[in-house]
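Asker: Here are the chains, one letter per residue:
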Amino acid sequence: NAGVTQTPKFQVLKTGQSMTLQCAQDMNHEYMSWYRQDPGMGLRLIHYSVGAGITDQGEVPNGYNVSRSTTEDFPLRLLSAAPSQTSVYFCASSSGLAGGAGELFFGEGSRLTVL
Amino acid sequence: AQSVTQPDIHITVSEGASLELRCNYSYGATPYLFWYVQSPGQGLQLLLKYFSGDTLVQGIKGFEAEFKRSQSSFNLRKPSVHWSDAAEYFCAVRAGNQFYFGTGTSLTVIP
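In order, the protein sequence lines correspond to chains U and Z.
For the first sequence, the working numbering assigns the number 54 to the initial residue and increments by one for each residue that follows.
For the second sequence, the working numbering assigns the number 1100 to the initial residue and increments by one for each residue that follows.
Some clues are possibly wrong.
[Said to hold, decoys possible] Lysine to aspartate or glutamate pairs mimicking EDC-like chemistry, simulated, CA-CA at most 20 Å apart: (1) K1148(Z) with E1119(Z); (2) K1148(Z) with E156(U); (3) K62(U) with D91(U); (4) K1160(Z) with E156(U); (5) K1148(Z) with E1187(Z); (6) K1167(Z) with D1153(Z).
[Said to hold, decoys possible] Sample of chain U residues at the chain Z side, in silico, Cβ under 8 Å: (7) G93; (8) M94; (9) L96; (10) L98; (11) Y101; (12) V103; (13) F143; (14) G155; (15) E156; (16) L157; (17) F159; (18) E161; (19) G162.
The hints are simulated quantities; they were obtained by calculation from the structure and are not laboratory data.
Glycine included, C-beta positions come from ideal geometry on N, C-alpha and C.
The whole structure should be built from the sequences, with the hints applied where relevant.
Answerer: Structure representation (structure tokens):
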């Protein structure tokens, strides 16, 4: 009964380094998304996907790439990390609107620090 | 544009007192509305949701919320707060394929 799993939970990077935050869900959800959480800013949508092979930008997409090759996985890539990307990142999935409101199910978060 | 406003950044209540957290949204169509709770260092957990039907919805942990279309509000309430309710609370609206979150209300419970 894993739900949404994010790795790593903590990461420290130097400016300019690249890395990938992993996200996997075992609920067969078509919808997956990435948010960043910053103090006083709430959660802001980075990218989302409505199914394998389909991705779209959210509110704050610059500096991040995503891909969706399978229903289960939705990795978030930072190609050249910047201190402004220091944040807590959350992956979330949803079954969509069919049969209800399609609420989000969240992972436990990944805390990223860029020096 | 869609948006969610939580006017109270921080609220302090005594244990056993009632609680109301405010949420106002901006969205042109019928909204799908949510309240989430986040404990320190944890992910977000769904408390309750509204998408149709009865405008008073019940959630987990004794919480309820009322959707008022005329006021564009979806306030969260609890009649008697427990110390374990101390956390951050987020209101959210779903607009198509995107969710919009408020900036959160931090709740402190004093004994």
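Asker: Kindly indicate which numbered hints from before are broken by the structure, ordering the numbers from low to high.
Answerer: When the structure is compared with the hints, none of them turns out to be violated.
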